[in-house]
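Please build the complete structure, drawing on both the sequences and the hints.
What follows is each chain in one-letter form.
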Amino acid sequence: MEELTIIGAINKGLRRAMDADPKVLLMGEDIGKLGGVFRATEGLQKDFGENRVIDTPLAESGIVGTAIGLALYGYRPVVEIQFDGFVYPAFDQIVVQVARMRYRTAGVLHLPITIRMPYGGGIGSVEHHGESPEAYFASTPGLRVITCADPSDAYWMIQQAIASDDPVIFLEPKRRYWQKGQVDTNGDMSTAVPMNGAKVLVEGADCTLICYGPTVATALQAASMAAEEGVHLEVINLRSLSPLDLATLNTSVMKTGRAIVVHEASSSGGIGGEVGQCLMQSCFYHLKAPVLRVTGYDTPYPPSRNENRYLPDADRILDAVEKSMSY
Amino acid sequence: MEELTIIGAINKGLRRAMDADPKVLLMGEDIGKLGGVFRATEGLQKDFGENRVIDTPLAESGIVGTAIGLALYGYRPVVEIQFDGFVYPAFDQIVVQVARMRYRTAGVLHLPITIRMPYGGGIGSVEHHGESPEAYFASTPGLRVITCADPSDAYWMIQQAIASDDPVIFLEPKRRYWQKGQVDTNGDMSTAVPMNGAKVLVEGADCTLICYGPTVATALQAASMAAEEGVHLEVINLRSLSPLDLATLNTSVMKTGRAIVVHEASSSGGIGGEVGQCLMQSCFYHLKAPVLRVTGYDTPYPPSRNENRYLPDADRILDAVEKSMSY
Amino acid sequence: MNQLEPLIQLLDNDGSIVENSQYKSSLDDATLLGFYRDMVLVRQLDMQATALQRQGELSLWAPCLGQEAAQIGSGRALKAQDFAFATYREHGIAWCRGVDPVQMLRFWRGTVHQSWDANKHRLYGYQIIIGAHALHATGYAMGAQYAGNVATGQADKDQAVIAYFGDGAMSEGDINEAFIFAAAYQAPVVFFCQNNQWAISEPTKRQSRVPLSHRADGFGMPGVRVDGNDVIACHEVTMAALERARSGQGPTLIEAVTYRMGAHTTSDDPTKYRNSADDELWRTRDPIERLRVYLTGKGVLNETISAEIAGEATSLAERMREGCRQFPTPEPLAMFDHVYAGPDARIEAQRAEMQAILAQEGAN
Amino acid sequence: MNQLEPLIQLLDNDGSIVENSQYKSSLDDATLLGFYRDMVLVRQLDMQATALQRQGELSLWAPCLGQEAAQIGSGRALKAQDFAFATYREHGIAWCRGVDPVQMLRFWRGTVHQSWDANKHRLYGYQIIIGAHALHATGYAMGAQYAGNVATGQADKDQAVIAYFGDGAMSEGDINEAFIFAAAYQAPVVFFCQNNQWAISEPTKRQSRVPLSHRADGFGMPGVRVDGNDVIACHEVTMAALERARSGQGPTLIEAVTYRMGAHTTSDDPTKYRNSADDELWRTRDPIERLRVYLTGKGVLNETISAEIAGEATSLAERMREGCRQFPTPEPLAMFDHVYAGPDARIEAQRAEMQAILAQEGAN
Ligand SMILES: Cc1ncc(C[n+]2csc(CCOP(=O)(O)OP(=O)(O)O)c2C)c(N)n1
Ligand SMILES: Cc1ncc(C[n+]2csc(CCOP(=O)(O)OP(=O)(O)O)c2C)c(N)n1
Ligand SMILES: [Mg+2]
Ligand SMILES: [Mg+2]
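Residue numbers (the numbering used here), protein chains in the order written: chain P, 1 to 327; chain V, 1001 to 1327; chain U, 2001 to 2364; chain D, 3001 to 3364.
Read the hints as simulated data drawn from the structure, not as lab findings. Hints may contain errors.
[To be verified] In silico DMTMM-like pairs for lysine to aspartate or glutamate, Cα to Cα no more than 20 Å straight-line:
hint, chain 1, residue 1, chain 2, residue 2
1, P, K323, D, E3361
2, V, K1323, U, E2361
3, D, K3298, D, E3308
4, V, K1323, U, E2353
5, P, K33, D, D3278
6, D, K3298, D, D3117
7, V, K1046, U, E2312
8, U, K2272, V, D1315
9, V, K1033, V, D1047
10, V, K1033, U, D2278
11, U, K2272, V, E1050
12, P, K255, P, D245
13, U, K2024, U, D2014
14, V, K1012, V, E1042
15, P, K33, D, D3279
16, D, K3272, P, E50
17, P, K33, D, D3269
18, V, K1033, U, D2269
19, U, K2079, U, D2014
20, P, K46, D, D3269
21, D, K3272, P, E42
22, P, K323, D, E3308
23, P, K180, P, D206
24, U, K2205, V, E1050
25, P, K23, P, E50
26, P, K12, P, E42
27, D, K3205, U, D2217
28, D, K3272, P, D47
29, U, K2272, V, E1042
[Stated by the list, open to error] Which chain P residues stay away from chain V? Per the calculated CB distances, all over 12 Å, these:
hint, residue
30, N51
31, R104
32, M189
33, V200
34, A217
[Claimed, not checked] Covered stretches of chain D (in silico footprint by chain V; criterion: 3 or more residues with CB under 8 Å from a CB of chain V, positions within the stretch not fixed):
hint, stretch
35, 3115-3126
36, 3141-3154
37, 3166-3178
38, 3343-3356
Computed from a prediction, not measured in an experiment: that's the story for all the values here. Every residue gets a Cβ at the ideal spot worked out from N, C-alpha and C, and that includes glycine.
Okay, here's the thing in structure tokens:
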């Protein structure tokens, strides 16, 4: 066991993946000497060289597009998109090419590409540095979309993403990068929790809180506040946004009869609606209240002096719990 | 009253908008001499000149990006994206710039841009010509997303979109382009049904079918088949995918207690889940069955020889009705 | 505009050899005769496919009529170890990469999204999204470099990659980013732009006021402008660029000036936007005809050989007609295959739903 | 690499006038003194903003330290009717467009997404997305053309547009598409690339092996390479390009070779990726210093005037410190304004939710 931050765990996970497989390449803007603007790749170019940790020209479509070519050649590229807000120039290459190559070629070609991306708000920065674009990717067939919320998951899930034969969008909760936790860095990937499964973090009988990435810490906080009031929330870290681990969610909601989805992205068209719809279909007779959502608002991301009002907090979650319990 | 096809109605609507406002410009690939690959702009360059019907270089980001500049100058650009599958290179300009300009500038700048796009499958073409990307746009704050299903709506909604001070994604159901209907081309835009409202097409007490664009005709067919069996479906054409006209949906579902959303796009992350979630929240005690979805599958769009299996048809809708009624 | 600029030409429109200070023909008569046969057969396959579309057997076809020299000349310059990325129009390249014309049709009939095994033919399938594949080609070339398969000096090992696209594509961001990456990493990739003068209804001048090959310089790579209807020049120029790439000297942009003699696709009606005078002019510059004149003049081509090739063409056409109709209609359940590497719960549920529908239909 | 290529220079590093066959200084002493004052004050505002960030008053700042000549030289070439589109680093341009430095800080303090009224200053606000605004600039320039505000010959009417971006931006698809559109329509736009040698940690050679100005030719527009630390040359070159644009002769690309003397932003640590020798070298090429030497030599600048300007700088800094702290923290409810032109049911419901939260907090 080793104490690591999330960003430190990603760095170690990348290193271990590169050690394990010489086909693993890292690509992105400023990932070499600088080690990335968040230092996810710190020290890796020094140790693995410029041919495996590749500083790219400033062109996101170009980065993903050339990663596709490298993957076709037999490499396993790991692409860093510097910030969530800069992924859109690569959108075409991601949703039209990366997502569909296997389907298009009936399995002849496939693209084991991982696209890493810091996402979410709360770091007090300027426009385009606080976005949650996960729904765009989660609604795209052919992509796997996962996100970590603690150093142990960060360490293992990045390795699982790289080992996956499907393309993976790996979302990193940037405002939690410096959150610390124990990681069993001597462990083995095969015994780590699979990346496509949800995890029950806290058991509780009254209502299920479904969260992921940056909102996991918020949900845990809300759960302990509720517990003090005698309300027992079950907290589930979704981890995989596509596919959804509905089996785990169903078990929980069949027990509690209530669910609240918490995410930073806007409500409309977000993961929350999809989860709610799925739960309505699978747990119709068990639901004592509608699935509720505590999310960012249906506006663009606001200026940072207002972001704490925009982001779901424990109070808003507890209000929703109260609302749910009142049905 | 005049009998027009949907594509003919769009052409006439564009012409009328250009006549009414000299600031209206059309931009796109092949929209000039050729009149667009579907002939939506046929004859317009001849009558309005090359400065108002602008053939652009082959670069979608460039088209939308320059349309933004033209809008900032005071024009009202109407952009044609040749096919749904070619909109993604412009995604960044659409979701990061077009959608947010008003918010970013606190109302100082705004972009009255209409982005027209044929969408949906069923025309037997090759890859990228049968897509339904509406959810990407509908989940983007700042955009309005609308779609027509008959010539009268096509005629009026395109004019309303152009007149809107918000940017509008105008989705045209390409396999219905040649569907005919009566249009009151002498009417007045102010008396036409507003573009952001849903329309009840058929009243019925048993179950609500919610559809839009290309699936409206399919839903109507299903409704008449059901009527023969004595099941009365209420058919609602959503028309606006963002914002959703929840008032109209709520009224219907509070009456019927059942709802089925029908669209061509994949199920996961589609409009159906958002509609279902909203209905669960607003009609929880009225719902006799979960809101169900009849949609394209969670795969990329298949080769065209399989597309009729992929697209929702009346039989699949009736199966869902049966399932809903059996709760 | 474009056709007035100087072009590299080795065989002129009258079928005579032209001297060029930089390039010379390295081709013997047998090879040239082979090219001639290639071009005739590719034209045949193209016309047959167009006919099949007219008969309702294909949903669409993008003819390469008039572009045979550009495609055969460059396509025959590729070595087995090279890799090609093409658009929807490069049937001649597919031909050179050993794809059976019957197989080519599967995509256009709507039975599959890709007609052939890209690894087997070392040719990526038909790509519809304009420009996107130029980046894939560049990345693939970077891969060759990282793998140590460039500049080894071993003739059978050093790899190059070629990316085909049109004049219209030159405006897409992706193409320009491909130039950036290729130049930055000195990737062994050749960008082969067939300037067929039209992007659907838009003439090349809508995209650029200067010859497209001029674009190369400012990106830090050489640009070459070649007569795209001269199969010899296309071959030599491409050979040189590929060799440059294989030996580690980096990318090249080739602009082959040719003409789209037919419609953009079978859905298109070019009479809407271009005048027949241009069509007429370019009919007199037919890329096959000039090679025929040259080879006939040299006595390499004669009536017997012509008849032989015509016979081959006839049976190719026949094989296409028959083969096309015999493609199995895809199984509805195949729609659910290959979305992910392994099974996915959602998709399996939907597959089961479809199975139930099929079972019900079977029962009725 | 880049700095060894020939550059247009009118004032050399020692503060002496250089002869140039194509460009001459048209500036009188008073104007030059004005430029000097501009540069000193812009440097002051930049350093003050950096300090405010260090003190926690701003969340971020992107210094323009070292780029004052490029910005003042070009910014002062704009006429009132022109329009500018800049990135996050062009505080000198905002200065030239009459934006109060105090206002500039609002964006960086996180209270608004745009610091000033773009229409009033005819300068679009800070743009973060690299390259995107070059297309907006091109479209705006097309608008000027369609509106008949180009090539009328009326000095106060003809409009030009200028788009600023960096060396890194030259790799983005959007920039290259902007070149395509600008050239295709001969739009009155000047692309002003400040090659400050770095895109965060990446040197310009990661983006291009040839000087960036060379990119222009192949797109069909002139490219000019200018000493970006020479305010006179920057001014003349930009004046000429803008005039070309206004008179209907189309776009120009200007590459101003300068150096980012500071960090990329206040979040950046350049010691991680560049060595101090370069920093030292460029400190000797300070754009303000050479103008100071020149003006002092000519007797235009003296201690009195210097002291006056220093005084202005001091009070500017003071005003910034005070003003910055006085920006009102945005109302939480403002978050719901301006998503759409009119009210939207979803957003109004969410606004009401927030109102309830605020009311509850108020009650507690
Ligand atoms: C990204 C994208 N935009 C638009 C289209 C529609 N489209 C198909 S072919 C074509 C013209 C292409 O012209 P060019 O690059 O010259 O190639 P050619 O067809 O002449 O071979 C267009 C606009 C597309 N396939 N992809
Ligand atoms: C589309 C996009 N990708 C990445 C970034 C992150 N980023 C911000 S500034 C920068 C470097 C820009 O370099 P350059 O264009 O030379 O301008 P400079 O900062 O040197 O003025 C990068 C990569 C961004 N803002 N936008
Ligand atoms: Mg072409
Ligand atoms: Mg720079």
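Hint check results:
no., hint, in the structure
1, P:K323 <-> D:E3361, "18 Å, holds"
2, V:K1323 <-> U:E2361, "18 Å, holds"
3, D:K3298 <-> D:E3308, "18 Å, holds"
4, V:K1323 <-> U:E2353, "13 Å, holds"
5, P:K33 <-> D:D3278, "16 Å, holds"
6, D:K3298 <-> D:D3117, "39 Å, violated"
7, V:K1046 <-> U:E2312, "48 Å, violated"
8, U:K2272 <-> V:D1315, "42 Å, violated"
9, V:K1033 <-> V:D1047, "11 Å, holds"
10, V:K1033 <-> U:D2278, "16 Å, holds"
11, U:K2272 <-> V:E1050, "16 Å, holds"
12, P:K255 <-> P:D245, "16 Å, holds"
13, U:K2024 <-> U:D2014, "18 Å, holds"
14, V:K1012 <-> V:E1042, "10 Å, holds"
15, P:K33 <-> D:D3279, "17 Å, holds"
16, D:K3272 <-> P:E50, "16 Å, holds"
17, P:K33 <-> D:D3269, "11 Å, holds"
18, V:K1033 <-> U:D2269, "11 Å, holds"
19, U:K2079 <-> U:D2014, "30 Å, violated"
20, P:K46 <-> D:D3269, "18 Å, holds"
21, D:K3272 <-> P:E42, "10 Å, holds"
22, P:K323 <-> D:E3308, "65 Å, violated"
23, P:K180 <-> P:D206, "29 Å, violated"
24, U:K2205 <-> V:E1050, "15 Å, holds"
25, P:K23 <-> P:E50, "14 Å, holds"
26, P:K12 <-> P:E42, "10 Å, holds"
27, D:K3205 <-> U:D2217, "15 Å, holds"
28, D:K3272 <-> P:D47, "16 Å, holds"
29, U:K2272 <-> V:E1042, "10 Å, holds"
30, N51, "29 Å, holds"
31, R104, "7 Å, violated"
32, M189, "27 Å, holds"
33, V200, "23 Å, holds"
34, A217, "25 Å, holds"
35, 3115-3126, "holds (count 5)"
36, 3141-3154, "holds (count 6)"
37, 3166-3178, "holds (count 4)"
38, 3343-3356, "holds (count 3)"
Checked against the numbered hints above, the structure violates hints 6, 7, 8, 19, 22, 23 and 31; every other hint is satisfied.
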